Amino acid sequence: MSGKRKPDLKVIIMGDYAVGKTSLVCRYIEDKFIKHEPTIGAAFFLKQWGPYNVAVWDTAGDERYTGLSHFYCRNAGAAILAYDMSNPQTFESLWARFMPLLNSSTEKCLKIVVGTKMDLIPPEERDITLEEGRKLAHELNEGLDISKLACEPYFETSSKDGSHVSEVFECIFQYCLPLSGDQRSKFGLSTSTVDLYEKEPKRATAKKGCC
Amino acid sequence: DVSVLRQLAINRGGMLTNELRRSAWPKQLGVDLDNISPKPDEETLKNHRDYTQVVMDVNRSLKRFPPGMEDEERYALQDVLISVIMRVLVNNSQLHYYQGFHDICVTFLLVVEEDVAFALVEKLTQNHLRDFMDSDMERTKNMLNYLYPIINKASPNLGEFMERAELGTIFCLSWLITWYGHVLNDIKHIVRLYDFFIACHPLMPIYLAAAIVLYRQDEILSCECEMCFIHSLLSRIPENLPFEELITQAGDLFLQFPPKDLSDEAKRIRYDHLH
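Line by line, the protein sequences give chains H and P. When you line the first sequence up against full-length UniProt numbering, it's residues 1 to 211, in that order. When you line the second sequence up against full-length UniProt numbering, it's residues 1 to 275, in that order.
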């Protein structure tokens, strides 16, 4: 990892077990899709964003570890709340289990709701609609000014084919640590604005090992 | 004789072969191989509240099976693993499954056959593993809280540095609750540690964690005093650690600072990340 200094931003990923939290972060950071073991405790990844260091905390989904989340939520600039689009129960968990955690400690934290495993579910078989997803995402961010956010705080992704994965992270990073167009091109980042539903799946280009 | 076996398990190299383990582990744990409770029917196993999670966890735990194993063989072994886990849970309704329990069970399954693996693990859930299997983590946290008192006594500088970095104890959670099965790649190292832990006090994995942290003290102290960097450093255990020396060191720490001398301090510790 370069320049061992305090990360400028902390992003945490939460959600039920086996929704694909580790797959999401590894697709973004290593641009790979492999089967991951259950995460025990938490794992940490570091990502360069222009001149900044971003720490991404991947947490365990097992319900018994919910108590640890307070620790990870502390000082988090953004939280990704992930659910499995092919398993509506995991969407319910965002309401039931994770929303209460976030309300207490992290008012200024940006919350992004992310549906995973989009490739597994044909559009006509979906249980959770796009509107429901967006509605939850907006409710979670009540009290936070998200007018600067260049995207909806809701994404539907596939870590398997890479759809919309880098958009999730870049949307968060751009909101929390804004880079100018010049800076973005200097660091080799895409300069176009993020548009979830018109763009072809884009793969993260930066290769950086998990640390 | 159990005390001789215990001594063997702790001494350099441990049981040395899986053949020895197959006879020594049941004796040490007091498991009667002629009296293993029969397997409940499939339906009962499948109806348990944790069944779905167990299946999902086992299906994505490829790393724990020997690298050269054929897919077909591995699928069969994964099914056996699911049934070993479910048998323990079905027979003991007070126990709660935790992610990591499958790492314990697969280790036994790589050494002994299904019924024996079940009997050994079930026995361990009554003592060594019991605190991990509550519905919450309180008692597991209490075990983790022994780490800093040990380190603070053995190396006050290092303890102070780690506390200043607000490192906490999550980095060694998987070490404790899987007996290092989740974090080591070489099954030889894992079963060697299992010899040691079966023969010792349930807190011994924490004493080994302290020994590992102390062994890596220079690396830690040259790290930025910042939680995420030290967490990253420590949560990856190098494969070339001198495990035999570390086992001896853990045993020495245990004798020097036995749990009863640390329990008050461990109870007092209330790192806010644990709340």
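Calculated directly from the structure, the hints in this document are not laboratory data. Here the structure is a predicted model, which is why all the values come from computation and not from measurement. One thing to keep in mind: the hints can contain errors.
Said to hold, decoys possible - Simulated pairs of lysine-lysine, DSBU-like, Cα-Cα distance not exceeding 30 Å:
no., chain 1, residue 1, chain 2, residue 2
1, H, Lys-6, P, Lys-153
2, H, Lys-32, H, Lys-160
3, P, Lys-46, H, Lys-35
4, P, Lys-46, P, Lys-63
5, P, Lys-39, H, Lys-32
6, P, Lys-63, H, Lys-160
Margin query: Tell me the numbers of any earlier hints that the structure contravenes, in ascending order.
Written below: Hint check: 5 fails alone, others pass.
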